[in-house]
Structure formats: C-alpha cells, structure tokens
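Work out the full structure: start from the sequences and follow the hints.
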Amino acid sequence: MSIKVLIPTPLRPYAGKQSIVEVTAQTVGDALSNLVAQHPDLRKHLFSEDGKLRSFVNVYLNDEDIRYLSKDATPVKETDIVSIVPSVAGGI
Amino acid sequence: MALKIPGALFDQLRQHGEATYPHECCGVLVGEFDEAGGKAVKTVVQCGNTRTDSPANRYHISPSELVRIQREALLAGHDIVGFYHSHPDHPAKWSATDLAEAHWTGCSYVITSIEKGRAVLTNSFLLLGQEETKHLEDEALEVIEK
Numbered sequence: 359m360s361i362k363v364l365i366p367t368p369l370r371p372y373a374g375k376q377s378i379v380e381v382t383a384q385t386v387g388d389a390l391s392n393l394v395a396q397h398p399d400l401r402k403h404l405f406s407e408d409g410k411l412r413s414f415v416n417v418y419l420n421d422e423d424i425r426y427l428s429k430d431a432t433p434v435k436e437t438d439i440v441s442i443v444p445s446v447a448g449g450i
Numbered sequence: 019m020a021l022k023i024p025g026a027l028f029d030q031l032r033q034h035g036e037a038t039y040p041h042e043c044c045g046v047l048v049g050e051f052d053e054a055g056g057k058a059v060k061t062v063v064q065c066g067n068t069r070t071d072s073p074a075n076r077y078h079i080s081p082s083e084l085v086r087i088q089r090e091a092l093l094a095g096h097d098i099v100g101f102y103h104s105h106p107d108h109p110a111k112w113s114a115t116d117l118a119e120a121h122w123t124g125c126s127y128v129i130t131s132i133e134k135g136r137a138v139l140t141n142s143f144l145l146l147g148q149e150e151t152k153h154l155e156d157e158a159l160e161v162i163e164k
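Chains A and B are the protein sequences, given in the same order.
Going by the numbering used here, the first residue of the first sequence is number 359, and it counts up by one from there.
Going by the numbering used here, the first residue of the second sequence is number 19, and it counts up by one from there.
It should be emphasised that the hints constitute simulated quantities derived from the structure, not laboratory data.
Hints are all accurate, no fakes.
Sample of chain A residues at the chain B side, in silico, Cβ under 8 angstroms: (1) L364; (2) T367; (3) Y418; (4) P444; (5) S445; (6) V446.
Quick caveat, the model's predicted, so the values are computed rather than measured.
Note that the Cβ used here is the ideal one computed from N, Cα and C, for glycine as well.
Structure below.
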C-alpha cells in the first residue's frame, strides 16, 4: 500500500527537496527501505554503518514512536503517516 | 541570509526564558524559507523541557511534540525553520552540548541569555554541514517591528 513519509528540513536536500514522499510499504521498515531506494543519498543520514537508525533519528508512525511499537516490523495501513524527526536538545 | 522574526514573537521567546528561569526554556520556530536562504518566523511554539533531571543546564524537546508541530506546520504550508532555548545566567552563545545535540541542518538555533530572571541578549546561529562536519555559524537576526 502507499503511505506518506514526512521528511524533516535537514533531510530534504537528499530527498529531491520534497517534504513528503510516498512509498509502497507493509511495515515501517519497508517504508524506510523504499524511501532510501528512491533517494539513496538519504541512507547515510538515516542509518549508521551497521544498518541501524542513527541514535538521534526518531521515527514515528502517526503519533507513536516505533521504538515502543514493533520497530521496523510495525505494520502500516493506507492512511498512516511516518514522520522522521531528528532530536532537538542542548544546554549550557 | 537572516532569520526574520516579528517583534511580538521575539518578545514571546524571550519572555518564555524569563518565565522558566532558573531553568532552560525551549521551543520551535515555525515559518518559511525564502529563495535567498533566509527564514521568516510566523509562529513560536513553546515546548516543554523533558530534561526534568537537569533543567537548569539542559533542554530536550519531546520528539512527539516535534512530530505534531512538523505535521501541523506542513498542513499550514509552513516549515520548522529553527528552535530556541535559553541560557540561565550564561551567555547567549552555543555550547559544545548545543552543537553535539544539533541535528537540523539549515535551521536556526536561537539562544537567549537570562540574567537573574531577565532576558538580556538573543542571538541566532545557523547549523551547517553534515553530521560529521556540522558547525554553528553566527546568523543575522532581524526583528521586524510594525
């Protein structure tokens, strides 16, 4: 099925300057794999060399962090939105 | 290239830092990127600081808040253009921690020094480069008064 992936500002240069990319997927993992297949330059910005999501990259299925769902195996449906949000933190 | 912000919104983010003193405040700047590489802030979204373990010198915005803000911004035809936070009794200058935790390349990081409860200086910094080469550069901050 086709679902939407929201691309955050810093990653749009690697996604054809798009803020929303449609991908075909059955799971969140499929969605990210297909996203990177469409836009290979995204790979190193999303994943470390061991193939895992970089620690500061948060992936949400609608309003839920996939870490607390089934991670890559989290199933998706037609109206779902996958959001990629790098973390925001800092301090003195 | 500059970060343009209406006076009322500039005051709002500074006052947020005064309200949370002696803790750090944080929030999101929503607006538009222009073709010249500048940014115009349309909305300031106050966020909670999830670093309740160390709020006087650390901030973190919940990703779930970011997801909601990003989605609502896109629906409104806007974008996340930057973030702001405060430095209680500390200069309005990015720290090593600020840089290490900055990942939104192309966005502005606005910092306000709050001295003894009062907002003093507000500076903006632009995050450039990729994760391995990232750096923060001084960015012009234009406050637009009506």
